[in-house]
Structures are given as structure tokens and as C-alpha cells.
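So in the working numbering, spot 179 of the sequence shown is number 179, and the numbers just go up one at a time.
In case anyone wonders, no lab produced these hints; they're calculated from the structure. Just so you know, not all the hints are guaranteed correct.
[Stated by the list, open to error] Restricting the straight-line Cα-Cα distance to at most 20 Å, the calculated cross-link-like pairs of lysine to any residue (SDA-like) are:
1) K253 / K269
2) K288 / K133
3) K288 / K213
4) K253 / Q341
5) K213 / G118
6) K195 / M287
7) K253 / A335
8) K128 / N77
9) K264 / I340
10) K253 / Q104
11) K253 / V408
12) K384 / M287
13) K192 / L124
14) K269 / K195
15) K318 / G299
16) K133 / L121
17) K268 / F360
18) K268 / F313
19) K76 / L402
20) K288 / R305
21) K308 / Y342
22) K268 / V416
23) K269 / D337
24) K84 / G118
25) K268 / S251
26) K76 / K128
[To be verified] Between beta-carbon pairs, the in silico distance windows are:
27) E317 / N185: 51 to 61 Å
28) C247 / Q125: 21 to 31 Å
29) E317 / S424: 37 to 47 Å
30) N407 / N98: 39 to 49 Å
Every residue, glycine too, gets a C-beta built ideally from N, C-alpha and C.
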Amino acid sequence: MFYFILLPLLLFLAYKFLFSKTERFNLSPGPPTGSGKTLAFLIPAVELLFKERFSPRNGTGVIVICPTRELAIQTKNVAEELVKHHSLTVSMVIGGNNRRTEAQRIANGSNLLIATPGRLLDHLQHTKGFIYKHLKINKVSKRAIDEWYTPAYDVVIMPPFDRTRERKLQNCLVIDEADRILEENFEEDMNKILKILPKTRQTALFSATQTSKVQDLARVSLTSPVLVDVDDGRRKVTNEGLEQGYCVVPSEKRLFLLISFLKKNLNKKIMVFFSTCKSVQFHAEIMKLINVDSCDIHGGLDQNRRTKTFFDFMKAEKGILLCTDVAARGLDIPAVDWIIQYDPPDKPTAAKVPVKELEFNEKKLLNVRSALEKYVANDYNLNKTAKDAYRAYIAAYNSHSLKDIFNVHRLNLQAVALSFCFSSPPKVNLNIESGAGKVRKARNQQGRNGFSPYSPYGKAKSTPKEA
């Protein structure tokens, strides 16, 4: 029996380095979305657990940490497909699910555990019967991989595992989308998790970007890591059929351009990304008012509804999904016709895809401004939702990394207010200070005798005037 696996470059590299001869070989790849990294860590994990005859009584053999619930669900589904003909157990622990049920599954034995950071830490600290000391990963020689790899077709042809080649390694932890995990403020949870898990472990850390926080996490979690860059000088993009464009739209007209576009493409499958949960909630309400069927995913929904919405949209041939940028990373949703980045993306990279400017005809925009403004003005709940979305949008704009371009102090608040169906900027606490205001505030925070960052030697003593 042979495994014939069609692989992008990353999967080959993951095999090549995860299965090296060294005693512990930590991996830090930087793969783009769609490069096959989920299979890159799940296939060897399942192969090991099967060959080691892992059973529920052995506890957990591999832990995979994902940044979001939806990505964890997707990873679990892939893992279940891989083990459906074996007796291995796959479990998932994520926020929003019943904790007691999860704890029972862990105690019964979960060979492959997929988790989000917060819920995993909770179980590591409080769930009795959580056996994680047997974390393992399979190892074969790099020479064997070289023999199996066919560069002309970018595939690996793998024979059945030879027991004489197989070696054990102490522990295995997979951290998927590490940069996104840290963006979601799980840094403290990750540090606690790493302290609890055995120190003599092998860790595979996957991150699309090498930020300073990711590098800090790598220093804590990895020992003598090997960095795998899957770009490898290639000029091809992950999806060669992808077309990318942008449209310069005045703030006051972008909502009505979005509405006009969605109304015109109701028979398409479309995803619209917003920068905040509040903005998703507001625009979902607007879609109801204009009779545009849409679904939405954001942090304010309970887990059952989020999961149902996610799978319903995956199976749908057409539809509109409104979601935050969190859902953008790592999810595999088939046959999407349009992806609309409504708010400025925090990482505006083109990923080697040519970007062209798109034009729109202002005369063809639907004239629904006055009607929507009346709805927002007269409906208390909708008015509150609009204010929350307006405030959240400005806060997100203020926190953008490219402040030379997205400078909140140059933002036309009147135009922004119009995009949230207000005729004038609403009275809300934006909690945004100018640069000069921050300096004044820091100077006012003086200690005793006038010591402060701006006066390190204290307040100068006044000299008495001569008579």
C-alpha cells in the first residue's frame, strides 16, 4: 500500500524538517494561506498515533492550538476525515461549548486534541484525568523523504512506515496561525500553556507573518528552531486564478456602494469583512431593512449559532456572509465569488497578486440614504447599534498599524457618520487623543518634586530675587 499525496511546497518542507534525525527539531514555518499546512501537521500526527497504536488510555498524543473557534472546527473536521477508518479519538475544546462535556471527553482519552488557547489553559489547570505527558511525533530520516519526493510534480510518494526507521520524540505541540493568536490577546494564556506542558517537547509554530510578538513566542516555545520559508523564491501565487482590485470611495458613499453591489449580485457567494464585531452587527441590521438575505459571524453570537452559520455558508451555492477579519485567516470556504474588504485591512499585502483600480458609477448607487437615516433616528435599538459601530470603527482606525496613511486625526467624521446613517456625527465618547494631548497628559503626570519622563531631574528651584 502506498500513499500518493499531492502537496504544495510547504507540506514537503514540513515532512522534511519535522522528521529529521536530530533529537529535537523545532519548526517555525511562515506559510501563506492555502499552502497545505493543516495537512502538513495532521498527516504525520495521525500516522504516528496509528503506528504507535495509541488508544484512549494513553491520553493525548498531539495538541493543536488554533486562534479562532471556526478554524478549530475546520481543523477538527479535517482530522476526523483522516482517522475515520481508525480507532483514534479526536476531540476539540473551544470557548462557548459545554465545558463539562469537554472535560469528560478529555478524561476518556483524546488522542488528538484541537483547542483554542483560553479553553485549553482552563482544562490544563482544572480538568482531572487530562493525560498530556505522552505527547509524541513520528520521526523518519530526511534521506527517506528525499527519496520519496518528486520535485517535478511537487509530490511525496510515501511507502508504509518501516519500524526500523521510526523513532520516538518526547512531545509535540502545534501552534497554528501564531500571529493571529497573539493579535487576539492570548499572549498571557500561551505563556501559561507553555509552562504547563513538558519542557522536552517538539513544537511546530506556524505564522504567516514574523512580528516581534511571534518572535518572542518562538524564543519561549522553540529550542534551536529551523525557519521554513515556503516562498522559496517562487513567483506564483497560492491561487493563480485570483483577481484583486481596489475602489477609491468617499466615506459617505461606501455603505451605499456596498448595498448597490450586493443587491446586484444576490446570486453570487460573497464574503464581506469588517474591522469590528459592532460593525458586523450594524450592517447585518441594515441588510434586513433593505431585504438583502445575509448571515453574520462575530464574537457576540453564541457558539451554536456561529457554528451553524459557518457550515450553512460553506454548503451554500450563493449567499452573503458578514464577518470580522478574524474569520479571514485559515478558513477554507469553497466557491466564493467575491471577497469584499470593507474596512482598511491591517496587513494590506498583495501576496504577489496584481492589484487594479476599479471604478464605480455614482449615478447608479441606490438612493436609500434618507430612508435609512430615518430608521436609525427613530429606532432606539438600531440607533444604539449604529453608535456602537461608529465608535468601534473609529477606534479600529486609530489602532491601524499604518498610521501615516490611516491617521484618525485627518478622518472626516462627518463623512464617516453618514456611512453609519447619521446626518451628523453622533455624540459618543471616542476616547482618542491627539499627539499634543498625549504629551500634555504625560507632562501632567508628575511625581513628587516635579519628577516625570519629561523632567527627569525634577522641578527647577526658583532663585530668590535680590532686594
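Taking the hints in turn, this is what the structure says about them:
no.: 1; hint: K253 / K269; in the structure: violated (23 Å)
no.: 2; hint: K288 / K133; in the structure: violated (51 Å)
no.: 3; hint: K288 / K213; in the structure: violated (40 Å)
no.: 4; hint: K253 / Q341; in the structure: holds (15 Å)
no.: 5; hint: K213 / G118; in the structure: holds (18 Å)
no.: 6; hint: K195 / M287; in the structure: violated (46 Å)
no.: 7; hint: K253 / A335; in the structure: violated (29 Å)
no.: 8; hint: K128 / N77; in the structure: violated (26 Å)
no.: 9; hint: K264 / I340; in the structure: holds (14 Å)
no.: 10; hint: K253 / Q104; in the structure: violated (53 Å)
no.: 11; hint: K253 / V408; in the structure: holds (19 Å)
no.: 12; hint: K384 / M287; in the structure: holds (17 Å)
no.: 13; hint: K192 / L124; in the structure: holds (10 Å)
no.: 14; hint: K269 / K195; in the structure: violated (44 Å)
no.: 15; hint: K318 / G299; in the structure: violated (24 Å)
no.: 16; hint: K133 / L121; in the structure: holds (15 Å)
no.: 17; hint: K268 / F360; in the structure: holds (19 Å)
no.: 18; hint: K268 / F313; in the structure: holds (12 Å)
no.: 19; hint: K76 / L402; in the structure: violated (35 Å)
no.: 20; hint: K288 / R305; in the structure: holds (18 Å)
no.: 21; hint: K308 / Y342; in the structure: violated (24 Å)
no.: 22; hint: K268 / V416; in the structure: violated (28 Å)
no.: 23; hint: K269 / D337; in the structure: holds (5 Å)
no.: 24; hint: K84 / G118; in the structure: violated (28 Å)
no.: 25; hint: K268 / S251; in the structure: violated (25 Å)
no.: 26; hint: K76 / K128; in the structure: violated (23 Å)
no.: 27; hint: E317 / N185: 51 to 61 Å; in the structure: violated (37 Å)
no.: 28; hint: C247 / Q125: 21 to 31 Å; in the structure: violated (48 Å)
no.: 29; hint: E317 / S424: 37 to 47 Å; in the structure: holds (42 Å)
no.: 30; hint: N407 / N98: 39 to 49 Å; in the structure: holds (46 Å)
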